[in-house]
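J.: Take a look at the letters that make up each chain.
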Amino acid sequence: MSLSEAQADVAPPEVPGRRNAQLGRFAVLTLGPVVAAVFTSALILLAFGVNPVTYYGFVVQRGLFSGLGLEQTLTRMAPLLFLAAGLIVSFRAGIWNLGVDGQFLLGAVAAAALAPALLGVVPGWLMLLAGFAVAGLVGAVWSVLPALLRAYQGVNEIITTLMMTFLGISLANVLVKLVFLDPGTTVPQTRTIPVADRLPRLFDSTISSGLIWAVAAVLLVHLVMTRTALGLKLRTVGANPHAAAHAGLSVPRLTVLVFAASAGFAGLAGASELLGVNGNVRADWNPAYGLMVIPLVFLARFHGVGSIVFIFFYSALLIGSESAARRVGVPQDFTLVLVATLLIFLGLAEWLDKRRRKERA
Amino acid sequence: MRDLARTSDAAPPEMGAEAVGLVNVTKRFPGVVAVDDVSLRIRSGEVHVLLGENGAGKSTIVGMLAGLQRPDEGHISIGGAPARLNSPLESLAAGINTVFQHVMLVPTLTVFENLVLGDAWWHRPPRALIERRIGELRRDFGLEVPLDAITGDLSLGQQQQIEIARALLRDSHVLILDEATSMLTPRGADELGERMRRLAERGLAVVFITHKLSEAYRFGDRISVLRQGRFAGEIAPDALAAMSENAAVDEMLHLMFGSSESAVTELARPARPRGASVLKVSGLSTAGGPEEMPLTDASLEVFASEILGIAGIDGNGQKQLAEAIAGQRPVTTGSVTLEGRDVTGESVGRRRALGLRYLTDDRLMEGSVGAFPVSENTVLKEIGAPPFWSYGLERPSRIAAHAQDLIRRFSVRTPGETTPIGHLSGGNIQKLLLGRELSGLSKVVVFNKPTYGLDMQNITASRQRIREIAEGGMAVLLISTDLDELLELADRIAVMDRGRICGVLANDAARPAEVRTAVGRLMVGEAPSGAAE
Amino acid sequence: MDALLTAAFVSSLLTGAIVAGIPLLLAGLGEQMSEKAGVLNIGIEGMMLFGAYLGFLTAWSTESIWMGFLGGVGGGMLVAALMALLCVRLGLNQIVIGIGLTLGAEGLTSLLHHFQFSRTYPRLPSPDRLDLPILTDLPVIGPSLFGRHPLVYLALALVIVLAWAYRHSNLGLTLRAAGEKPAALDVAGGHVTLLRTVAVLFTGAMAGLGGAYMANVGAGLFIPFMTGGAGFIGIVLAMLARGRPVWVLLGALIFGAALSLTTALQVAGSNVPTDVIQMLPFAAVMLVLVVWSRKARLPAALGQPYERGAR
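Those protein sequences? They're chains A, B and C, same order as listed.
Note that my numbering gives residue 98 to position 98 of the first sequence, counting from 1, and the numbers run on in steps of one.
Note that my numbering gives residue 1324 to position 324 of the second sequence, counting from 1, and the numbers run on in steps of one.
Note that my numbering gives residue 2209 to position 209 of the third sequence, counting from 1, and the numbers run on in steps of one.
Hint data in this document are derived by calculation from the structure and do not stem from the laboratory.
Bear in mind the structure is a predicted one, so any value in this text is a computation, not a measurement.
Not one of these hints is a red herring.
Listed next, the in silico EDC-like pairs over lysine to aspartate or glutamate satisfying Cα-Cα at most 20 Å (straight line):
(1) B:Lys1319 x B:Asp1297
(2) B:Lys1443 x B:Glu1471
(3) B:Lys1319 x B:Glu1437
(4) B:Lys1212 x B:Glu1053
(5) A:Lys177 x C:Asp2275
(6) B:Lys1212 x B:Asp1484
(7) A:Lys354 x C:Glu2307
(8) A:Lys177 x A:Asp284
(9) B:Lys1280 x B:Glu1301
(10) A:Lys358 x C:Glu2307
(11) B:Lys1319 x B:Asp1153
(12) A:Lys358 x B:Asp1072
Here are the computed distance ranges between Cβ atoms for each label pair:
(13) C:Ala2165 x B:Leu1129: 19 to 25 Å
(14) C:Arg2167 x A:Ala216: 53 to 59 Å
(15) A:Arg253 x C:Phe2117: 51 to 57 Å
(16) A:Ala196 x C:Phe2225: 34 to 40 Å
(17) C:Trp2164 x B:Arg1138: 28 to 34 Å
(18) C:Val2290 x A:Val35: 43 to 49 Å
(19) B:Thr1337 x A:Leu23: 52 to 58 Å
(20) B:Gly1275 x A:Arg253: 36 to 42 Å
(21) B:Ala1385 x C:Phe2225: 48 to 54 Å
(22) C:Val2276 x A:Arg357: 49 to 55 Å
(23) C:Ile2160 x B:Arg1132: 29 to 35 Å
If we take Cβ atoms under 7 Å as the criterion, some of the chain B residues that face chain A in the derived model are:
(24) Ser1347
(25) Val1348
(26) Gly1349
(27) Thr1360
(28) Met1365
(29) Val1369
(30) Ile1383
(31) Leu1393
The beta carbon of each residue, even a glycine, is placed where N, CA and C say it ideally should be.
Looking at chain A on its own, in the form it has when it is part of the complex (with noise of 0.2 Å):
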């Protein structure tokens, strides 16, 4: 279950001769599985008997060429992004941190808790610096059990995450629900931070200033892993632990650093939407992000400004089939059908590309 082999096709050293061959190997394993996964996904609305060009056509009207709806596009891209940030760190130091999505709730809820009570004590900046350092590093605090058993007992992370993960969410229920309970309301929720107060709009829209610091984290993570030293030693843990240790690095505690970075990302996800976008955490919130950026980081190779990109048109799939789900009469989770074709012809494009390959050789 190494992530090493799909490191092995990250990034491919740039040589100017070549170009034209992997803008060929682009199209193949990046563009084939888009098109075929929404090939195939229009071929089962067909089955329910809707129109997948109506369908697909009023998704695309809504989540991109509407005003209102590229707004709404654009501010759910910012914990989508943190999330891919994380996963990128992880994904490339060779670990599946599979918990994101519970580290993500707790950031949210430890946000929510915080954030309140500095609520005109400090400024607000400051609150909403504070609503983000504690999300993170709650989101970080959640990992620090896998992290050990993976990096001194070798414990799989993927069955400790999952563990955490359903520990976390149940744990952000009980904390809204018998702790940070906002005693104003009759519904279990926090306190609810003002519209004005939290992070503030960019120009006269209602996108969320956090799109931005989101679209830095990746370029941020993007820049670190694959153009510093810190980089290449979690990229080396990653791809072969025993050359890691052979060249004298630290793969325990770059385990950890990567676990602490990964679920802190995601703690930065869940304060994002918090103090960007909900305002408070109601019982029983769970939007579940983190298994779907999964196959988009996939589908990116790891890629920052890639991951960008595929969470742009993801962001638009959810805020169009929203409305689509009202309108057109197709439920939203028809985007999880077509994020699970996506996975599966992108393991199959791989798949191709390496048959092909070993013919060439």
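Model the placement of chains B and C on the given structure of chain A, informed by the hints.
T.: Same frame as chain A, now just chains B and C:
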């Protein structure tokens, strides 16, 4: 094991008849023709040696006979008739059993479970039958098979006996042993030779694959030599029986290398004046594990301009010693001193910066990251250090220039420094890793099996480099399982057995035979002779 | 605390442990076989959900709960067949495909349910029970333990059958060989790909059956996303059970009890929030892992595709 109660499908051939053969077989792998138009006939009642260097095509032939690979051209014949072996199952059904170079037993299963592995899954293992037959094998061939032991707990030699036992349980007609003596002591190898003899007398066709000339002579009835994938020639049984060992070795060398010049080069070791003490190891011990023996109380000292060889059968603590010196493995007691400075508590990186270098024996799994380009691999041990990084930021042009420099100086054959290192051949990766260890300020280099798995040309070049390193004033610790290599290069030879250094001998170039005998005795745990220091 | 030990409490706890535990048991037993054979089957959640949907649909349209179970098995195996094709035959990444299959099953069942039933959730008639004579009449525990649907007893029998087969036939060691060192099994004349395919299909069948039990017996209806992570718990049970079916049973009952403890507590008049109780089994698993982490050993070749002769 289709069904343990039955013999295999094919009828046993008569003595001297062709049991299995290759007819004009060619097999290609990406970039190489591994086997090129080879024809062979393996006869019942013979021990047939397949001799050749690494890369001569021996293992590919084994793979095809075992049903793991299929010939691209030509075919395999069984009992003289053309046959296809599409899977290991078909190969087993044809009565061909293979003992692979790497043990093919499941370490977590018991010996008994490994013996019945491959039988239909709904069957109940026939315990009583197997016990009875194992009893016979113990009596006839001296095979020790502890049925209820966990396989992974046994030594590699014992595991190999289990594989042979498994082959015999299946009533095979052809038994293939691929590099079977590489994990055995000299005495264990002799016992294996004796067993092969008895099996051949029973009418089995035994194929013994090796690159060791003396074993080929002592154990074989017929010797076929492969050279770079081609059939280079054969020494027939009557011819072989009439030859002395020296004559046979000359003939084999002639077939292997094309000319009569001896591969065992003269021991032209110029005497180097020994310098000051560089590396001192005192009482070093490591904790053992479930699958490896501990290093116990190892002490040695290496001087400048000196090559200290470490001899021993593979897996007797050599790797543990090397890793403990490099700082890669925690030690329980003892110390490592570099130029008078105690570095026992220092990290790998710190030791490296002080001039202590370690070239691992595992080029692919430990020495390099196959998916990374050559350039990144050349600086893998210096991540974050100037001049390749400044303030943690990579300086790609510096790294590329460094890589190009190493590629040129160590004549590495690669399309460029951006090629993933995994695409390079073993010899070229080895050159690059050597370059990596020698760049910067190095004072002592620990080599762990530096020529293992390389072809003759690269072996010669590597040995020359090691010699030059010592002549340049560095201290060299050379771990090798190839005694000829140590006799050729080392000034002194320490011998390891069961995790201990059991003796250090001066390698007297004037008396190579005596040194060889003395080292050989120490390797198998016999009392040191008078040659010890 | 006396209220907690009332007959009503004990009885509803036991009932809950079994009703919630049986799907976990089936999923865990299925996953265990895949893992033994070296396949990490993350798609099991999707197999369960698809089994739940198809199981419910079959039961609803044929008005036979047993046909429903058959439908569940079929549904699970359908998803498993895709997994076997992609991951065992073609050697694609098991985690990526597993996540994909789970997402796909979630989306597809939600769509199917929507287009068939819109926003209605039709109910199945209450299933018949197999009352074991005498035992069912025992006070308090009798009706909970011995008045259950026949499938419960079949599932328990399966634990015994599997435990026996793993121990006494070649099945156990062949599976372990496929998971530890597939090359060794291959050269010994075994069929790695076939064995792994069968193991994955078995996982699908068990997961689908578990899902169908959830829908047809446990809830009596189908709701999208109703498995709610039960498949993932099955993965955890299989990993912790270290190859022993009996341990899967034990774990499934503990998880089942914890998941239904809230209902039992409400019956007893206590008011501890659901979420606190639901945390308990996960917290317990983490505790077990922290204390005995050295023992949480997985097959060496788990998650790695096998390709013959690859060098």
